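Protein chains in written order, with the working numbering: chain A, 1 to 213; chain B, 214 to 648.
Hint data in this document are derived by calculation from the structure and do not stem from the laboratory.
Predicted, not measured: the structure shown is a model, and the values here were computed from it.
Among the hints, erroneous ones may be present.
Stated by the list, open to error - Covered by chain B, according to a simulated footprint, are these stretches of chain A (three or more residues, beta-carbon under 8 Å):
| no. | stretch |
| --- | --- |
| 1 | 97-110 |
| 2 | 122-132 |
| 3 | 141-151 |
| 4 | 156-166 |
To be verified - Calculated from the model, a selection of chain B residues having no Cβ within reach of chain A, i.e. all distances over 10 Å:
| no. | residue |
| --- | --- |
| 5 | Ser261 |
| 6 | Glu272 |
| 7 | Pro471 |
| 8 | Gln499 |
For every residue, glycine included, the Cβ atom is placed at its ideal position computed from N, Cα and C.
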Amino acid sequence: MKVGIDPDRSGHGGGIMGIRLRAGYFVPLLVLMVGTACAPIWAPIDEKTPRPFPMTTLEMTMDLPTGWMSSYYAPAAGYFFFTVHGSELEEIWIRRWPKTRIVKGTNRNLVGPMTIQEMANLSIDSRRLDDGVGAFEVVSSRPATLDGRDCYRLDYRYRNQIGLPKRTVEYGCPVGAWFYRFEFNAPRQFYFDRRLEDFERMTRTIHFTTKGA
Amino acid sequence: MTGRIGSKSKSPADGAAAAAGRRSPAVFVLLFLLVSGCAYVPLEPFGSERTARTLDPDERHLWKESRRLQHEIEISGLLFEDEALDRYLARVLERVSPPELSTALVEPRVRVISDVNIHGYSFANGMIYIHTALLSRMANESQLATLLSRELAHVIDRHALRASRDKKAQADTLAWIGVGASVVQGGGNYKLLAQAASISSLAGFHYLLETAADEKGLAILAAAGYDVREAPKFFRMTIDHLAEVHSQGVWGWAPFSPPVQMTARIAGYEKLIASQYGDSRATRRQPIADPPAFQRKVHRATLRQTELELAAGLFVSAESSARRATESDPRDPEALVLFGRALVGQRSKPLPGRDLPSIRKVRAAFESALQLDPRHAVATRELGMSFYRKTGSTRGRKATVEALRRFRRYLRIAPAAEDADYVRGYIAELEAESR
Chain A
1 MKVGIDPDRS
11 GHGGGIMGIR
21 LRAGYFVPLL
31 VLMVGTACAP
41 IWAPIDEKTP
51 RPFPMTTLEM
61 TMDLPTGWMS
71 SYYAPAAGYF
81 FFTVHGSELE
91 EIWIRRWPKT
101 RIVKGTNRNL
111 VGPMTIQEMA
121 NLSIDSRRLD
131 DGVGAFEVVS
141 SRPATLDGRD
151 CYRLDYRYRN
161 QIGLPKRTVE
171 YGCPVGAWFY
181 RFEFNAPRQF
191 YFDRRLEDFE
201 RMTRTIHFTT
211 KGA
Chain B
214 MTGRIGSKSK
224 SPADGAAAAA
234 GRRSPAVFVL
244 LFLLVSGCAY
254 VPLEPFGSER
264 TARTLDPDER
274 HLWKESRRLQ
284 HEIEISGLLF
294 EDEALDRYLA
304 RVLERVSPPE
314 LSTALVEPRV
324 RVISDVNIHG
334 YSFANGMIYI
344 HTALLSRMAN
354 ESQLATLLSR
364 ELAHVIDRHA
374 LRASRDKKAQ
384 ADTLAWIGVG
394 ASVVQGGGNY
404 KLLAQAASIS
414 SLAGFHYLLE
424 TAADEKGLAI
434 LAAAGYDVRE
444 APKFFRMTID
454 HLAEVHSQGV
464 WGWAPFSPPV
474 QMTARIAGYE
484 KLIASQYGDS
494 RATRRQPIAD
504 PPAFQRKVHR
514 ATLRQTELEL
524 AAGLFVSAES
534 SARRATESDP
544 RDPEALVLFG
554 RALVGQRSKP
564 LPGRDLPSIR
574 KVRAAFESAL
584 QLDPRHAVAT
594 RELGMSFYRK
604 TGSTRGRKAT
614 VEALRRFRRY
624 LRIAPAAEDA
634 DYVRGYIAEL
644 EAESR
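Full structure from sequences and hints, please.
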């Protein structure tokens with residue numbers, strides 16, 4: 001059974017660059033290509049997942065939350081994304097960016113002498129102005145420690161673009177030239193309380209391996 | 214007529230004429246296409262003949278879509294809630310609403326949205342939204358009436374429907390707002406705006422429709438007894454605002470209307486006013502609220518706008534908004550606190566060519582707020598922060614003492630404040646430093 005190149009039909013009139021697929025193989029291959037390109041591929045987090053999990057693109061390690069799914073392609077894009085039932089119901093985002101980058105919507109960055117509270121306030125400002133964020137309300141903002149480093153812990157509520165009440169807990173940590181953000185976001189009703197401890201447990205295992213920090 | 218198609222003439226002149234004649238159908242077709250492409254055949258306006266009960270099928274769909282989006286806006290928590298302001302806006306809207314709207318059973322409404330970007334727009338069903346940014350920058354009721362009259366002109370002449378029928382115009386509109394949304398730096402609810410732009414006046418209509426709205430809007434404004442001379446001033450303010458935003462290093466900001474178009478609109482208004490409303494003084498009536506009363510009515514919206522500008526890092530704009538708020542209500546400590554915060558912001562992000570506000574001026578703002586309300590928690594904390602932040606390489610002994618005093622007082626006033634843990638941390642640090 002030949003897949004892909006059909007030598008009998010290659011050459012003149014044999015398709016693009018002489019490669020022509022038989023229709024019987026072409027359709028499943030097309031479906032596979034479209035499917036893998038469009039659909040997120042999830043990797044389950046279970047007992048086989050290494051502990052601590054090396055997150056080389058972010059220069060850190062931590063224990064991933066068991067029972068969640070990890071977006072397979074996210075690390076290649078420079079972040080990690082976890083969920084159980086889909087992003088509308090619960091999501092954890094782990095990202096970092098250089099302190100020199102303008103924080104979305106705020107016309108400011110994290111360079112210069114800033115207190116941890118001022119960094120938290122910058123994140124609040126960014127969220128307050130964010131797309132589809134209405135009725136924004138800070139529940140608490142307090143200093144926190146992750147891996148022995150000074151960070152902030154923010155807890156805020158808002159309504160998304162379809163009016164769904166959501167709640168977010170976010171940690172922010174300046175580490176060297178980088179700013180790390182760990183974020184858990186879920187609908188206020190049921191899902192937030194149900195999965196918050198998974199997130200908190202995960203943050204307690206964070207270890208930064210950032211160069212120069 | 215020489216040169217008709219099929220002419221047998223052989224002379225050079227006749228030949229040229231014949232050639233022209235052969236081209237003429239193509240020319241006519243081309244001209245027809247060009248003219249029909251540019252011309253906007255007006256729809257029958259709302260009135261006794263065309264009412265909300267006799268909508269075309271696609272118009273019914275447009276109204277339904279408008280209601281859906283309005284519902285989304287209203288449940289998303291983006292509306293600025295101020296009942297007294299809403300009542301006042303409704304009264305101004307009622308005053309400018311021409312009788313043909315009620316005849317047509319169209320009930321215009323107006324609400325305010327908390328948004329840092331200057332915008333005001335209407336939907337086909339008469340719903341008008343004004344952003345806090347735009348409302349807080351208006352100087353008086355005539356300027357508010359200018360916006361409302363113009364949006365009502367769009368509604369009466371069914372411009373949203375006209376634009377939705379013009380597929381190309383709609384595609385252009387969406388493309389424009391798409392670009393705006395992708396480059397915007399200033400924050401704001403751009404997904405919502407992008408949706409609204411497709412079925413409202415937000416992104417602007419074809420220039421012929423906009424020009425028609427200018428004329429009709431001005432007529433509505435004059436008929437309601439407002440000072441039409443305020444209209445060009447209002448539109449000029451939006452250009453000045455955009456320049457102010459740009460001067461603060463924010464370039465990807467969707468304008469109320471591009472400055473070139475707005476300049477042309479202002480020129481058009483001035484021409485119209487000079488030619489048709491030269492003696493409008495005779496028909497002018499007292500506004501519902503005189504300028505000071507108008508500023509008081511929009512005072513809370515101005516405070517909200519200042520907060521949004523602070524969040525967006527537009528500290529010069531925030532200073533300007535806070536100053537207006539201190540003028541509209543000199544007894545409001547909140548306005549002074551926001552004014553002080555705008556100065557702090559400017560000190561943290563200096564702009565080239567602009568003098569840095571002195572720390573003395575910053576402290577004076579918070580102290581003034583505390584004179585009005587000695588137990589104002591945020592003013593107390595911010596005054597403490599003004600001493601806590603080092604103004605040089607070290608913090609002086611006096612600054613440490615003052616910061617400690619203010620922070621301790623803050624915790625006494627607001628022991629359960631959301632940021633109390635941070636302040637306890639500052640106190641611990643200062644105490645360790647002063648030992």
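These are the hints, each one checked on the structure:
1. A count of 6 residues in the stretch 97-110 of chain A with a Cβ less than 8 Å from any Cβ of chain B is obtained; the coverage claim is therefore met, three being the minimum.
2. With 8 residues bearing a CB less than 8 Å from a CB of chain B, the stretch 122-132 of chain A meets the requirement of three and the coverage assertion stands.
3. Judged by the Cβ-Cβ criterion of 8 Å, the stretch 141-151 of chain A is covered by chain B as claimed, because 3 of its residues qualify and three suffice.
4. Closer than 8 Å: that is the beta-carbon criterion, and the stretch 156-166 of chain A has 6 residues meeting it against chain B, so the requirement of 3 holds.
5. Listed as outside the interface, B/Ser261 is consistent with that label: its C-beta sits roughly 38 Å from the nearest C-beta of chain A, beyond the 10 Å cut-off.
6. Against the 10 Å criterion, B/Glu272 stays outside the reach of chain A, whose nearest CB is about 26 Å from its own CB.
7. With a least beta-carbon separation of about 21 Å from chain A, B/Pro471 lies farther than 10 Å from that chain, consistent with its non-interface assignment.
8. B/Gln499, annotated as away from the interface, keeps every beta carbon of chain A farther than 10 Å; the closest lies near 37 Å.
Checked against the numbered hints above, the structure breaks none of them.
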